[in-house]
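Novice: Use these hints to put chain Z onto chain S, whose structure you have.
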Amino acid sequence: MRKRLEKLKKIAVQDIKAACDEKALNKIKIRYLGRKGSLTHFLKEIGKLSQKERPIIGKLTNEIKRYLEEEIERRSEIIKEKSLKERLKSDWIDTTLGGKKPLIGKSHPITQVLEEITNIFVALGFSVVEGPEIELDYYNFEALNLPKDHPARDMQDTFYVTDDIVLRTHTSSVQIRVMENQKPPVQIIAPGKVYRCDADVTHSPMFYQIEGLMVDKGITFGDLKGILEIFVHSFFGQDTPLRFRPSFFPYTEPSAEVDIGCVICQGKGCRVCSYTGWLEVLGSGMVDPEVFLAVSYDSEELTGFAFGMGIERLAMLKYKIDDIRLFFENDIRFLKQF
Amino acid sequence: MKVSYRWLKELVDFGLEPDDLAENLTMIGLEAEGLYYQKEMYNKIVVGQILSIKSHPKADNLIICKVDIGKERLNILSAAKNLSVGEKIPVATVQAKLPTGKKIEKVDIKGISSDGMICSAMDLDLEEISEGIMVLDKKAPIGEEIAKVLKLDDITIDISVAPNRPDCLSMIGVAREIASILDKKVKLTEYSVVEEEKDIKSLTSVVIEDTDLCPRYTARVVKDVNISSSPQWIQQKLRAVGLRPINNIVDITNYVLMELGQPLHAFDYDLLKENRIVVRRARDKEEITTLDGMQRILDNEALIIADSEKPVAIAGVMGGLNTLVNEKTKNILLESAYFHPISIRRTSKRLKLHTESSHRFERGADIECVIKASDRAAYLFREIAGGKIGRGRIDNYPNPMRSCEVILKTKRLNQVLGTGLKEKTVENYLNRLDLKIKKVKKDVFKVKIPSFRKDLTREIDLIEEIARLYGYNNIPTTLPQTKLSLKKIDKFQLIEKKVREILINCGFFEVINYSFINETDLDHLKLEKEDVLRRFIRLKNPLTTEAGIMRTTLIPGLLRNITFNNNYSIYDMKIFELGKVFIANDGGELPQERRKVSGVISGSREEKFWYSKKENYDFFDIKGVVELLLEEFNIKDKQISPIDVEYLYPSRAMEIKIKEERIGIFGQISPGVLELFDILQDTYVFEMELEKLFLSSSEDKGFKSLPKYPALLRDIAIIVDAHISSEEIIKIIKETDNDILEEIRLFDIYKGKPIPPGKKSLAYSLTYRAKDRTLTDEEIEIVHSDIIERLRNKIKAQLR
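Protein chains in written order, with the working numbering: chain S, 5 to 342; chain Z, -12 to 787.
Only chain Z is shown next, with the shape it has when bound in the complex:
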């Protein structure tokens, strides 16, 4: 809501400078979001007087004017036809910037230079279209700033009005707030409505068919108006509050709207069929062309204003083109009504048509203000447009609204705020707010709420009012008096924290992606139709179709992060994300929200340094991370086994199961998928369900006392068929019946000469240790040779 500083000064007597006023409004809850000095739009535009006019020797359509602007005389070229010597005109000097955005520079046209521009009202953005130059009053002082002469030096304050304060969507409302801060009264203009025409009943009638949507409708008729432009004082005020003057009738309705906050509509009386008004729901598919020229198709939930046959306005939203006040209009029917907020809001939303009028009606106008607004506008129609006002008015108000009364207890007020305000102080604040109060008993007030403060319905609302006026910053700052109790932290927060720590220590960077993904991302992962990851939630109103569904997996996001970084020539990275994925449930229920952790490893281990080589990541880098996570969470009964995953490289994909339930997968992204995501380098991924990981984790660290006796190491190097898996060999080694084999570590794998083709050489280091004694070579030899024997028998291992 834009308010005019000068207009406010007319309504309340205050001495605050614009900055201070803005600050005061902010601190009472009307946040001032901007302060605009109107005159800044007219910088370097001054009053000039034409001293002489010559025609341009080489350009027929141009004249050369010598113009006095006080401190100097300028030569200015113009194409205007209405200029004569001695006239005063607005001159935009070199470097001025017109409100329309045009910059004035020194120009040269066919050998004659021009030091500025003589402006029309259109150039100054005061008219839509101008014929000729704007001629100023003869008394305008030469050289004076045009902003001052035309009174375009008001200051506009843009304030943010909360949805519960429609009363502040008007100058009078904001003035009331200022008055309450400064403990003053709002000055109301006095006027009387002179009615000279026939009785309204003989001129028109109003029927409200749907009183649920239109509790009150009033009409006045004003005859014989002269349509022209409004007087300057109205134009100036409208401009200062951000409205463009149109003609006197429309300007008056807008003026009253801004002054009192009551939307009005003026119909061309003669264009209303049978000169009468019917307020009713629209018929299904009924059409109206609104005054913005758009054809609107209505449904039967929309409330319309009709004449005897057709819609002439969408109630409370916008008028129709068919009855618009135009230059031929003689007689006017003025509507001032109250429409039901929800109805207006629905219609405005459905039509995507938000107007000054709908903005106020949907927040709740003041039902008791409709008469005042109607009278005010009628008065101005007579004063300004010379209209004759019909006697009386139609006021269709079948169920008058009852005023509301609220009890306020000083004790409660102090309890909520933590203050020690006295009854007298509270009374004073209530008075300042224009609230009528009755003291019921000591410290208890019965407060009568005026119709424009519909937001005040409960004691707490009044407590807020007192707090606002008292000043939030004057309320003492305290700390809660509360009993100690053990506070819990969500267990999943703790597990996320732990996973995060482990991965960061592994060199991963944490990323955060939007929870929305593109549906085609799932196609890119080549997921089957029945895959659970395809049970996604779709948004009804996504920002873009690329963000149309809620993610069911973190993997596409991470792959997109790789692509993004690739665009900046970053190919090597380890990144992970912790977050929720969403799996749709059948029916209208909320989806399952599952916490997942996923990480990708892409490119090579590190840049080449003076101490290290660049080495590509491989499958075992991702596997190592998974193993580490499972170890750190003490997961027992886990199985890691090969599996086929659509988006993973065949034979380089594994699943992690705990007690037969899959909790995650890992492997290398298949080349086909990489291509779809525009990734060139090998990439490895893991994804795990955090909740399942957590439920299987154990706090028991399985502590063992530290060994007292030394360990002995023995190495075995064997040659076996190349396809025999490491797992198989370790199983055989472990089969040996003993309790002294402590650890098996594979420390070398070798293929190639001199190992025969189809074979590989493996070297294991075995650690032997007994709990209760130092082992002898003989003891170890028995076990060790048994192991060798088994390897020989079972997989035909040859010793190297």
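Isolated chain S (complex conformation):
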């Protein structure tokens, strides 16, 4: 009996080692260890043995059973590992195929630039306000020290709805509406669409502006320079040179134009900057006392500064776009690039 058992073990171990997949291994397991398996058969026969032999053979049989179970388990591990390896090997994919990109849209480049600029000023403590796009002549011109028949009106070609209603030519009109309704201090920016009858590569009949206004006791021209320097440096980069030069706007005095070192040629002189090395990006100045008078602010006590900039121009410089009309044609191929 013992011999037969030993032989069975030997054959079984050979069989296990020969099994090359899970299925074959399972068959072997049933053949030897199953309810009707060879080893089970031995166990059943133990009863027939002598009292003396019974425990010895029983123990041996159980040992062999455990041994075979372990062997099968080991083999199973090996087979699993091997088959996993094989599967992984056969599951090759072409990872250079394009990914399945989720389809998302994009905001308009003007919106992106507008948001970027707005965020800078909000971080500096400015509130964001809006005003009507179709505006009374009073708010767009007269209250801003631009009476009817003033030659400075030629600086802005105006769309008229009636003699007294215009499409606002700048967001400066919002200044007046804010100051009429709010006591100082005032610290606002007013982004929005403005309109001028003019159309070519650098002029659009509709474009965006951001106007800024800060009024309080003790606001100086130096403060205007400080705020705009922070803006220019955060929008165009810390190393961007800027300069202030005298200009004229009816609603500011002193008035200043802000130039930045040309971002295209780094100040060396190119077509974009008319070979001056400088680009005009902002109009600004100290609020004219006439404007304070129009909103009943005390111009002896208060001072303030205002500034305004065209968003398309800034976007064109930032993205090196050479034709303003691209912004409003809404060519999908254009919009996808930003």
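Treat the hints with care, as some may be off.
Said to hold, decoys possible - Derived DSS-like pairs: lysine-lysine, alpha-carbon spacing no greater than 27 angstroms straight-line:
| # | chain 1 | residue 1 | chain 2 | residue 2 |
| --- | --- | --- | --- | --- |
| 1 | Z | LYS688 | Z | LYS738 |
| 2 | Z | LYS484 | S | LYS110 |
| 3 | Z | LYS478 | S | LYS187 |
| 4 | Z | LYS(-11) | Z | LYS135 |
| 5 | Z | LYS600 | S | LYS340 |
| 6 | Z | LYS41 | Z | LYS97 |
| 7 | Z | LYS740 | S | LYS197 |
It is worth saying that the hints were derived from the structure and are not from the lab.
Specialist: Chain Z in isolation, oriented as in the chain S frame:
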């Protein structure tokens, strides 16, 4: 305003190179917009001497000249008749480009080649019409550049003069600015007017009928002038400032205009009826032919200069043809006057006639300069045209203008600028500006403003002057000292931002369209006459009629964007716009400005990829977007129901209502409308009113705790009549009285075999869950079979 570098040098003593001068002018507020080297117009045009002249053997009208240009000798063909050997002439060599634009090339005429061109004054753009070649001075060095010989080597600086600085519309004005930068004085030319003729009073008279429009009018009479071309020095200066020489009289008036900024007008004295001047408003419909040959019809707001019977000039704008100085003119009446800026501006605008003269008068000329200008011109008439000046002048100036005085406080100046300038420094700057000052007390100046600086009327104006001279870039850069306070962002900006984010995440691209549309766009949308979208604002002066009205809806713009992209073979797109539309109010009020959001979906979902098929968008794509927006804004009490919209496909149009108020619509664009917009592919649209959406939105997200017990799913597949709506079925399912039905999801719709015709099969997945326990099959079975029972009874649903 174009200024001459050389002329400026005569007026101020400075050593700046043209580039540096331009930079200095820019930094003081006279932005130099361009720098032009005159000689560049005469490149490769040199002095030549004629060595020999032969006639062309095969062309009768041509001669062959051998010309010495210094470094070589050229053969040049010419048709000129006035040439003789030894003469010096301008030669345009091969590759030269004449100021008239003509390019010189080597040519061959009947076997003889020509190495250039001998030029007339007309070829060099120095005369309107020339007879024959321009013969140069005998001393002109051979081979020298013609620009140098003719002194056409000046440099022109084009500066931009702000509307408040009419004083800088003259050489003297710009010179004053340079002098103030460099702390120098302007050099004024000295001259004296010699009067040899009869007393002016016996020669003419001036009556100002409308002194409100003409505060000052002066006249001089100069007799026996010889009309000819001006001397070179005048011509050169006029050319350098962009004016074309005409004849000595006109050139002198232009010269003084450019020098002093005072517009002058010379009348032919003998053509003035009764030799006298009347300044008056025009009679209604009175006519005048201006010297540009145009007939102008005036109204009684225009100020004119007349003689005893007819208008002879539109005051301050342009002279009349009838009294124009011409080659027969002997005697001249010279006008130097001051006209009211607003009157000139109105007339010039109405006539659409903008001139050097009107440009200065409407900005405000210097009323005290009229005499100086008149004398200067009279002096030149005598010197250059040999005229005899009548004794005295007429100066009609009933109410002399008083000079203005302004107080300037150093403390205030430093407060505004953020500087610490000392009294002495301020005084120095004021002196440089030619302002007469009186110290009232410490740190307080009384400043007398000269008549040419009418822009200086307030303390702040003087502060700007000091700042300009001190240099903006020298003012210390600081940051405002201000108290902290909570700053608000416009709530509509926030809602726009949120809508934008949602739509971008849905794959939409944002577009921005002009706010103007074509009125026919509204017809294209087939809108009824009474439709609110037809209550538009019309522009009085649109750029084009296609952009004649303000939009009342964003839809036409978006449809045009589809058309635009279709032209580039892009048919598939999802685009949206956020913006205002304008609805007219009755009366003269401002219109309503309403914020809207609108989106269109056109074509197919995406290009065919290796992992996906091309699939057309349909109605439910747009509906899904609308539903998502409403969900994200937490809109309660919303209703979405079918409606008829003129531009939408019947039965594929819905309106969105909140509390019975319409806030938007969506659906498929009807084929008729698509055709009018030239769009071929199916297109879906939504448009919503943002403000209404915002007002109905809720911050309350309705948070519920996460479920603790598991859910069980049961499916129902039923066959019903094809026309029964999904909404109806869901309503029936929800009627079941229970609180364990959590979600109903339709996951399949099927028509066709084996489903009988006229029927459809619908499959729903129902989710059951209780808050407080794990549901048993029995519990669910009761509810589920109740649902099935109801569906059977109410809509005769058959279970599949």
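Novice: Given the hinted pair Z:LYS484 and S:LYS110, is their Cα-Cα distance within 27 angstroms?
Specialist: holds (12 angstroms)
Novice: Run the distance test for Z:LYS(-11) versus Z:LYS135: straight-line Cα separation, threshold 27 angstroms.
Specialist: Holds, because 21 angstroms separates the two Cα atoms, which is no more than 27 angstroms.
Novice: Given the hint that Z:LYS600 pairs with S:LYS340, does the C-alpha gap stay at or below 27 angstroms?
Specialist: Measuring from Cα to Cα gives roughly 22 angstroms; hence the hint holds.
Novice: Starting from Z:LYS41, check that the Cα of Z:LYS97 is at most 27 angstroms away, please.
Specialist: holds (15 angstroms)
Novice: Would the hint linking Z:LYS740 and S:LYS197 be met if the CA-CA limit is 27 angstroms?
Specialist: violated (58 angstroms)
Novice: Is the hinted pair Z:LYS478 and S:LYS187 satisfied, with a Cα-Cα distance of at most 27 angstroms?
Specialist: holds (21 angstroms)
Novice: Between Z:LYS688 and Z:LYS738, is the straight-line Cα distance small enough, at 27 angstroms or below?
Specialist: violated (39 angstroms)
Figure legend: structure checked against the earlier numbered hints; hints not met, in rising order: 1, 7.
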